[in-house]
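Model the full assembly from the supplied sequences, consistent with the hints where possible.
If you read the sequences in order, they're chains P and D. Counting in the numbering used here, the first sequence runs without a single skipped number right up to 93 at its last residue. Counting in the numbering used here, the second sequence runs without a single skipped number right up to 93 at its last residue.
Since the hints were derived computationally from the structure, they do not count as laboratory data. Keep in mind that a hint or two might mislead.
Unchecked claim - From the structure, some residues in chain D lie toward chain P, with a derived Cβ separation under 7 Å:
{"hint": "1", "residue": "Ile13"}
{"hint": "2", "residue": "His37"}
{"hint": "3", "residue": "Arg65"}
We put the CB at the ideal spot given by N, CA and C, even for glycine.
Protein chains: 2
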Amino acid sequence: MTDPVLQALRDEIDILDAKLLDLVAQRFEVTRRVGAHKRENNLPKADPQREAVQIARLEAMAKERNIDPVFSAQLLRLIIDEVIRDYAREELQ
Amino acid sequence: MTDPVLQALRDEIDILDAKLLDLVAQRFEVTRRVGAHKRENNLPKADPQREAVQIARLEAMAKERNIDPVFSAQLLRLIIDEVIRDYAREELQ
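Here it is, written out as structure tokens:
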């Protein structure tokens, strides 16, 4: 039913989405290690200075890639918020 | 100042974030081609059926990767909303 050009583009998007989720999963693995390391060494969970640097860095990278900076800030916020919830879940285990 | 273990993990996160933005940029390139194709062929911009399939697919992939499904749904929603804004910007050009 779908035209073949549109189908081919959608197949590309589906492949990119799978890669995107793979990267996100890898990223949560690393942030879980960060969380474990922080707990073991009694380091503060949040680090507003690191967050600010990350946000500025990502904004610059987004600009280079012609991605809307408002979107990239929302994306990082969403991920950081999930990292925080993930830390909380880990602590409950 | 930062401890070396934490620094190494943060370096990993920064590399993953750069890869993540590369993928997101690639994805917007493809969705721009989708937008152009739809305009040229007078196809409807939104496709709720395709969106529903994408959301279900991503939810299943998130589960496989031990990613919270609520988070993955929010992530896809954020990206799709930006695609819609991006289409609107392209039309204004």
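Each hint tested on the structure:
For the restraint placing Ile13 of chain D at the interface with chain P, the shortest Cβ-Cβ distance is roughly 5 Å, inside the 7 Å limit, so the hint holds. Nearest Cβ of chain P to the Cβ of His37 of chain D: about 6 Å, under the 7 Å cut. The hint holds. The interface hint given for Arg65 of chain D holds, since its Cβ lies 4 Å from the closest Cβ of chain P, which is under the 7 Å cut-off.
The structure meets every hint from the earlier list without exception.
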